[in-house]
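Under our numbering, read the sequence shown as residues -4 to 102, first letter to last.
Think of the hints as simulated: they come from the structure by calculation, not from any bench. As the structure is a prediction and not an experimental result, all values here were calculated from the model. Every residue, glycine too, gets a C-beta built ideally from N, C-alpha and C. Any given hint could be a false lead.
Claimed, not checked - Taking lysine-lysine pairs in the DSSO-like style, the calculated list, with each CA pair at most 30 Å apart, reads:
(1) LYS15 / LYS33
(2) LYS25 / LYS77
(3) LYS33 / LYS68
Stated by the list, open to error - With beta-carbon atoms standing in for the labels, derived distance ranges:
(4) ASP95 / GLN53: 55 to 61 Å
(5) THR39 / ASP9: 19 to 25 Å
(6) GLN59 / GLY90: 48 to 54 Å
(7) LYS33 / ASP95: 25 to 31 Å
(8) ASP0 / ASP88: 27 to 33 Å
(9) LYS87 / PHE47: 48 to 54 Å
(10) PHE47 / ALA72: 31 to 37 Å
(11) ASN(-4) / PHE93: 25 to 31 Å
(12) GLU79 / PHE47: 39 to 45 Å
(13) GLY75 / GLU52: 37 to 43 Å
(14) SER37 / ASP9: 35 to 41 Å
(15) LEU21 / SER73: 18 to 24 Å
(16) ASP88 / ASP44: 42 to 48 Å
(17) LYS33 / ALA85: 22 to 28 Å
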Amino acid sequence: NAVIDYLAAQFKSDNGVDLKSDKLALQRLKDAAESAKKTLSSATEAQIDLPFIASGEQGPLHLQTSLSRAKFKEITASLGKKAEQPVLNALKDAGLSFSDIDEVILN
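Required output: the full structure, derived from the provided sequences and hints.
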């Protein structure tokens, strides 16, 4: 949701339109954010292109932007901090350490 919030805030700042108030626009934004996250796992930048995402006084509005891996890390940093203690607790409860973990699968 951090990526969605960032993109929606950027769009609102640029265009004065809140994409989060339109269910269809929000779903398109969610899909684009998910796609960008997947792209950023293997690339340093993801392009986000959502034509006709909303309407403004002058006609249709488009969301065209890029998201760098560095910006992604910046806007999601607080999520890692929030997850840190629960992960440490789970490892402790399971009698494991970080070195016992070979792979993390995010869903």
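Here is what the structure says about each hint:
1. LYS15 / LYS33: Judged against 30 Å, a Cα distance of about 22 Å means the pair holds.
2. LYS25 / LYS77: At roughly 22 Å apart (the allowed maximum being 30 Å), LYS77 and LYS25 satisfy the hint.
3. LYS33 / LYS68: Status holds; Cα separation ~13 Å.
4. ASP95 / GLN53: 55 to 61 Å: holds, 58 Å
5. THR39 / ASP9: 19 to 25 Å: The hint (19 to 25 Å, Cβ to Cβ) holds, given that THR39 and ASP9 are roughly 23 Å apart.
6. GLN59 / GLY90: 48 to 54 Å: holds, 50 Å
7. LYS33 / ASP95: 25 to 31 Å: Holds, since LYS33 and ASP95 (Cβ atoms, about 27 Å apart) stay within the stated range.
8. ASP0 / ASP88: 27 to 33 Å: Holds: the Cβ-Cβ distance is about 32 Å, inside 27 to 33 Å.
9. LYS87 / PHE47: 48 to 54 Å: Distance hint for LYS87, PHE47 holds at roughly 50 Å.
10. PHE47 / ALA72: 31 to 37 Å: holds, 32 Å
11. ASN(-4) / PHE93: 25 to 31 Å: holds, 27 Å
12. GLU79 / PHE47: 39 to 45 Å: Holds, since GLU79 and PHE47 (Cβ atoms, about 40 Å apart) stay within the stated range.
13. GLY75 / GLU52: 37 to 43 Å: About 40 Å separates the Cβ atoms of GLY75 and GLU52, which means 37 to 43 Å holds.
14. SER37 / ASP9: 35 to 41 Å: violated, 28 Å
15. LEU21 / SER73: 18 to 24 Å: At 21 Å between Cβs, range holds.
16. ASP88 / ASP44: 42 to 48 Å: holds, 44 Å
17. LYS33 / ALA85: 22 to 28 Å: The hint (22 to 28 Å, Cβ to Cβ) holds, given that LYS33 and ALA85 are roughly 25 Å apart.
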